[in-house]
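Protein chains: 2
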Amino acid sequence: MAANSEVLSNKQVILKNYVEGFPKETDMLVKASSISLKVEEGSNAILVKNLYLSCDPYMRARMSFNQDPDFSSFTPGSPIEGFGVAKVVDSGHPEFKKGDLVWGTTGWEEYSLIKNPQGLFKIHHTDVPLSYYTGILGMPGMTAWAGFYEICAPKKGEYIYVSAASGAVGQLVGQFAKLMGCYVVGSAGSREKVWLIPMQSQLVELLKNKFGFDDAFNYKEENDLDAALKRCFPEGIDIYFEHVGGKMLDAVLLNMRLHGRIAACGMISQYNLSQPEGVHNLMNVVYKRIRMEGFVVFDYFPQYSRFLDAVLPYIREGKVVYVEDVADGLENAPAALVGLFSGRNVGKQLVVVSRE
Amino acid sequence: MAANSEVLSNKQVILKNYVEGFPKETDMLVKASSISLKVEEGSNAILVKNLYLSCDPYMRARMSFNQDPDFSSFTPGSPIEGFGVAKVVDSGHPEFKKGDLVWGTTGWEEYSLIKNPQGLFKIHHTDVPLSYYTGILGMPGMTAWAGFYEICAPKKGEYIYVSAASGAVGQLVGQFAKLMGCYVVGSAGSREKVWLIPMQSQLVELLKNKFGFDDAFNYKEENDLDAALKRCFPEGIDIYFEHVGGKMLDAVLLNMRLHGRIAACGMISQYNLSQPEGVHNLMNVVYKRIRMEGFVVFDYFPQYSRFLDAVLPYIREGKVVYVEDVADGLENAPAALVGLFSGRNVGKQLVVVSRE
Chain G
1 MAANSEVLSN KQVILKNYVE GFPKETDMLV KASSISLKVE EGSNAILVKN
51 LYLSCDPYMR ARMSFNQDPD FSSFTPGSPI EGFGVAKVVD SGHPEFKKGD
101 LVWGTTGWEE YSLIKNPQGL FKIHHTDVPL SYYTGILGMP GMTAWAGFYE
151 ICAPKKGEYI YVSAASGAVG QLVGQFAKLM GCYVVGSAGS REKVWLIPMQ
201 SQLVELLKNK FGFDDAFNYK EENDLDAALK RCFPEGIDIY FEHVGGKMLD
251 AVLLNMRLHG RIAACGMISQ YNLSQPEGVH NLMNVVYKRI RMEGFVVFDY
301 FPQYSRFLDA VLPYIREGKV VYVEDVADGL ENAPAALVGL FSGRNVGKQL
351 VVVSRE
Chain E
1 MAANSEVLSN KQVILKNYVE GFPKETDMLV KASSISLKVE EGSNAILVKN
51 LYLSCDPYMR ARMSFNQDPD FSSFTPGSPI EGFGVAKVVD SGHPEFKKGD
101 LVWGTTGWEE YSLIKNPQGL FKIHHTDVPL SYYTGILGMP GMTAWAGFYE
151 ICAPKKGEYI YVSAASGAVG QLVGQFAKLM GCYVVGSAGS REKVWLIPMQ
201 SQLVELLKNK FGFDDAFNYK EENDLDAALK RCFPEGIDIY FEHVGGKMLD
251 AVLLNMRLHG RIAACGMISQ YNLSQPEGVH NLMNVVYKRI RMEGFVVFDY
301 FPQYSRFLDA VLPYIREGKV VYVEDVADGL ENAPAALVGL FSGRNVGKQL
351 VVVSRE
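Quick note, the sequences are listed as chains G and E, same order.
Numbered per the UniProt record's numbering, the first sequence spans residues 1 to 356.
Numbered per the UniProt record's numbering, the second sequence spans residues 1 to 356.
Any given hint could be a false lead.
The list treats identical chains as one, so a pair stands whether inside a single copy or across any two.
In the DSS-like style, the derived pairs of lysine-lysine whose C-alpha atoms are separated by at most 30 Å in a straight line are [what the hints assert, rightly or not]:
#	residue 1	residue 2
1	87	16
2	210	247
3	122	38
4	122	288
5	49	97
6	288	24
7	230	11
8	49	155
9	288	16
10	115	288
No lab work stands behind these hints: they were computed from the structure.
Every value quoted in this text rests on a predicted model; they were computed, and no experiment measured them.
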């Protein structure tokens, strides 16, 4: 090996080129680079060992060329980035020291040099699984919490529909709504041709029996989304937690109740289309007095400690359960990320880089 | 004549059949019926002489078959209904007496028997033109007031775009916004091939010099709505007062600023289409954190006196001006109503049935 014993091999997930349409595993390349485990003298940077990486739908926007300040493009030829849990190996920053556990934006690689660590959150509670900080206790958890309590303005007894309900955010929104005394229905598209038992029963099992939803359906098995929603919501929908967009949103608009609310968190069905689908039923917004409101979780990060105070007890007391879909190793990271867009994941999709 | 001298001829505007697509003058028929000017003994009804009738876009929904409780269908073979100003001729209701002036829902005819007059508003201020109670002091005025102050949550200095800006609601929203210190741009489609001077200058003249908008454009003269909005709003739009829908909404979404608001009042471009246009740019709602909220003015009617207290002084002090497009006589009422949907009106479209 080289004379400098601190230089290690560093496996990375590289974006080859900007992506158009559905991302494929082959849009990424897993290869080894090398890295020094020491932060340069006088730098404010920290060097971390990545433990868990989060696969999130918003990452699709960063795989294409764009100039959005919140969702800037990844750099082709460099490792992709995302939220993750990491351990500090070396620090030039006064607020971080070796051994600290953190979550926040990091690289899809074994070790990352983080030049501006100010945006990272330190992890103080380790009686819960560390991987939870990629999900229920991290960005998706904050998304569910802010979206449900701040944007949806929910009331006990209301009818709530959650799309992408088995994902990181959806499973939590549904459970928060049940804790509030709402009637909750979720939909998702479950893994096809992977398990042999009927798809519908798997999904209903998970959403109803594990998460406590009142009803559930697999949208891939419904020819008519409007009919599916009318079956599940004969009284209509008060709150829709929007993850899907396009045809799903159009069907939901037909089934909203007066003064309904739509928390627009994402529209995953549209991310890989060159031209987004048209939504035709927006007149319902007018005459049903619907409030449709978009939000981005970053705006709520300053409230993180308030969020932890609310959600940690739910986990510890078993009031909220949480399902993860774990891919093992960076080699499997591209497939895990790509699977989000075909609905392959059941539960929060994450990648284990290293368990410690 | 008949022995009963109180039975008079009563000219009416009859809906022949439910309408599909663009309404035509020939969908309506003006013909004479007869009416007794006495209310039956023991009835709570009132009998009114109609003075001014209001042509409003929402009436299109009532011309088709529908089961919406707020916008129920007109009855083919019977007079259409709408907001109007009327004078009480006879009353069986304790709260109304002969000679009272009222505004509210009445028939498109010379005289109407109103069986449930509770929903009518009595007119107490007659130092302003009576016709104003079909517009600035009636339903459209309340719409502009509630939509702008309650739904838009405006702040001084914000960039405001109003479509259908020369109409009853749009001209008021723009002026309210100017009074608040906002930058206001309006668009409308002005009468084509009616006046001979260039269309663009007419409209710009009206919106800028009469109503005080900062800028204006005629959407019928723009090939590229996105480009027109970028020209008028290089910094983007904070508030959009939505009257149009479809392609206009799609172009606006591309030009909204972070945390923008869309007050969804109507979508007139869509009312005559068998299948509404698709709106493709809704992902902007998510990442720009846009709130799009529909509202219906009926919900604000209980605040009518508060509204009058705010708006009457604006009129008396000349802080708000108001332009009407007046059709004379019930014979011209069908053309006036139909003209709304091709953008023929400049100013609030109304019909004079009788001036006293």
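Quick rundown of the hints versus the structure:
no.: 1; hint: 87 to 16; result: within (27 Å within a copy, 76 Å between copies)
no.: 2; hint: 210 to 247; result: within (28 Å within a copy, 44 Å between copies)
no.: 3; hint: 122 to 38; result: within (20 Å within a copy, 81 Å between copies)
no.: 4; hint: 122 to 288; result: between (44 Å within a copy, 28 Å between copies)
no.: 5; hint: 49 to 97; result: within (13 Å within a copy, 84 Å between copies)
no.: 6; hint: 288 to 24; result: between (41 Å within a copy, 28 Å between copies)
no.: 7; hint: 230 to 11; result: neither (49 Å within a copy, 45 Å between copies)
no.: 8; hint: 49 to 155; result: neither (43 Å within a copy, 47 Å between copies)
no.: 9; hint: 288 to 16; result: between (47 Å within a copy, 29 Å between copies)
no.: 10; hint: 115 to 288; result: between (49 Å within a copy, 27 Å between copies)
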